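J.: What follows is each chain in one-letter form.
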Amino acid sequence: MKQEDVPQDNGALGKMTREVCYATDKEGKYVTELSTGWSVKTDALDTAWHEIEERVAKAREKVLAGEASPLLFFMERRLMDMPTLVAYTGFWKWRIKKDLTAKGFARLSPRRLTRYAEAFAVSVEDLKSMTFHED
Amino acid sequence: MKTEFHHLQSAHCETGVTTGLMHHIGIDKITEPLALGIGAGLFYIYIPFIKISNGPAIAFRVMPGLIFKRVCKALGIPVVRRKFGSREEAARALDQQLAAGQPVGCQVGVYYLTYFPKEYRFHFNAHNIVVFGREEDRYLVSDPVMETTTSLSAYELERVRFAKGALAPKGQLYYPVGGHQVTDEQIARAIRKGIKNNAFAMLHIPGPIAGISGIRYTARRIRKWRDKLGLHDAGLYLAQLVRMQEEIGTGGGGFRYMYAAFLQEAMAYTPHPSLPSISAMFTRAGDLWRTAAVQAAGIYKGRLGSQEDFDKMADYLMEIADIEEEAFRALANIKWAAP
Numbered sequence: 001m002k003q004e005d006v007p008q009d010n011g012a013l014g015k016m017t018r019e020v021c022y023a024t025d026k027e028g029k030y031v032t033e034l035s036t037g038w039s040v041k042t043d044a045l046d047t048a049w050h051e052i053e054e055r056v057a058k059a060r061e062k063v064l065a066g067e068a069s070p071l072l073f074f075m076e077r078r079l080m081d082m083p084t085l086v087a088y089t090g091f092w093k094w095r096i097k098k099d100l101t102a103k104g105f106a107r108l109s110p111r112r113l114t115r116y117a118e119a120f121a122v123s124v125e126d127l128k129s130m131t132f133h134e135d
Numbered sequence: 001m002k003t004e005f006h007h008l009q010s011a012h013c014e015t016g017v018t019t020g021l022m023h024h025i026g027i028d029k030i031t032e033p034l035a036l037g038i039g040a041g042l043f044y045i046y047i048p049f050i051k052i053s054n055g056p057a058i059a060f061r062v063m064p065g066l067i068f069k070r071v072c073k074a075l076g077i078p079v080v081r082r083k084f085g086s087r088e089e090a091a092r093a094l095d096q097q098l099a100a101g102q103p104v105g106c107q108v109g110v111y112y113l114t115y116f117p118k119e120y121r122f123h124f125n126a127h128n129i130v131v132f133g134r135e136e137d138r139y140l141v142s143d144p145v146m147e148t149t150t151s152l153s154a155y156e157l158e159r160v161r162f163a164k165g166a167l168a169p170k171g172q173l174y175y176p177v178g179g180h181q182v183t184d185e186q187i188a189r190a191i192r193k194g195i196k197n198n199a200f201a202m203l204h205i206p207g208p209i210a211g212i213s214g215i216r217y218t219a220r221r222i223r224k225w226r227d228k229l230g231l232h233d234a235g236l237y238l239a240q241l242v243r244m245q246e247e248i249g250t251g252g253g254g255f256r257y258m259y260a261a262f263l264q265e266a267m268a269y270t271p272h273p274s275l276p277s278i279s280a281m282f283t284r285a286g287d288l289w290r291t292a293a294v295q296a297a298g299i300y301k302g303r304l305g306s307q308e309d310f311d312k313m314a315d316y317l318m319e320i321a322d323i324e325e326e327a328f329r330a331l332a333n334i335k336w337a338a339p
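So the protein lines, in turn, are chains A and B. The numbering of the first sequence is UniProt numbering, which starts it at 1 and goes up by one. The numbering of the second sequence is UniProt numbering, which starts it at 1 and goes up by one.
For each label pair, taking beta carbons as the anchor points, the in silico distance ranges come out as:
1. B:S86 x A:S129: 31 to 37 Å
2. B:E89 x A:G90: 17 to 23 Å
3. A:R95 x B:A280: 55 to 61 Å
4. A:Q3 x B:K69: 31 to 37 Å
5. A:D9 x B:K83: 38 to 44 Å
6. B:A337 x A:E134: 55 to 61 Å
7. A:R107 x B:K228: 37 to 43 Å
8. B:D311 x A:E134: 39 to 45 Å
9. B:P276 x A:W94: 54 to 60 Å
To be clear about the criterion: a stretch of chain B counts as covered by chain A if any three or more of its residues have a C-beta under 8 Å from a C-beta of chain A, and this derived list gives those stretches:
10. 117 to 126
11. 288 to 297
To be clear, the hints were calculated from the coordinates, so they are not data collected in a lab. These numbers come from a predicted model, not from an experiment. We treat Cβ as the ideally placed atom computed from N, Cα and C, and that holds for glycine.
All chains, please: the whole structure from these sequences, using the hints.
T.: Shown next as structure tokens:
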């Protein structure tokens, strides 16, 4: 990539910093150049986030329809897959699977609920009511 | 307390932290590209049976921590690296080092890294920063991908040092021990060793998923993604590939440009007539990675979507694999003049 071709499209990262790119100058020698972002990669990130938003919306519908527990909503919202949630809670995977059903969730002990709430960094009330504040 | 640490912005976090900490102990000849090359950091792997964020697990770099480790070893510099079971102990150890004037490399998770924009915060636990001081409740942070230094509260720092899940940092801190001199001859030897290591990793790791064969493997999979996953999910997969390739940290083109820069810098220490042309091959590979990313974007943006478009994407990767294979074979075959 030539120095003058280093993209300067404003992306999400541009809000916080420019990033270093390696590119060649007129003599073909490598130099560093700051970039404010590249639309191709911004689009890739947007695509990923759009998908996340859809998964969150779908999870919310399922919970409201009684087909899943609020834990599913928060897993999607916090971008956690099963191994990540296992690591944050210290619970067994098969137990978490039970808790992911509406029936299982209703039977959760206060202690277990608290552990989930901590893992998702929300309060127990917000966990139950699927309330999420951006942090 | 504040240590004398000079913030250095770089393209990639681990090479950046390595370079910054080396400069701190007086070894300022090490640049970011040299750290990448000596650390043999250029890589490719596609792990088909693991999913990350519901997409393919693809990496353009070696395992976290390896670059730092290899650079220090190649230059004969001892390393202190600690992991912790307890958060209190981890905080205490950090404070002790800072009080002793030692800036410290920390492995952290980015999900709760508050100074990152939300869009970048995924559960990725192998980011590297330097903590170089503490002012009351705030720790002073030199994050190599940022233009300026920043800070985190004690709570925020603890949270990212003890992020959980894959590659959990476990409070890990590390730094090279000062008081060692490094000669140009040592750097030259380290460069030759790094090149040898990297060529081996890209050409000879057994199995179809890593190195050059991993790139070809990905190309063959991409041809099938449209039928197998459907257009929507195939687009998501391609977006993930591009994110891994161009995300903060690679300096563009999945490290290929930085590696090309490394080979140019290598000329000053261990010259060889074929290095400039091999460097140019990596530039071409980097350019092609970016061309492939543009093609992928056409698909995940919905502008393209036919099987031919996926085939074209796969063809780019096949071409990249050919170039990189030729380049690494040329590197592996270099007969260095006896020093």
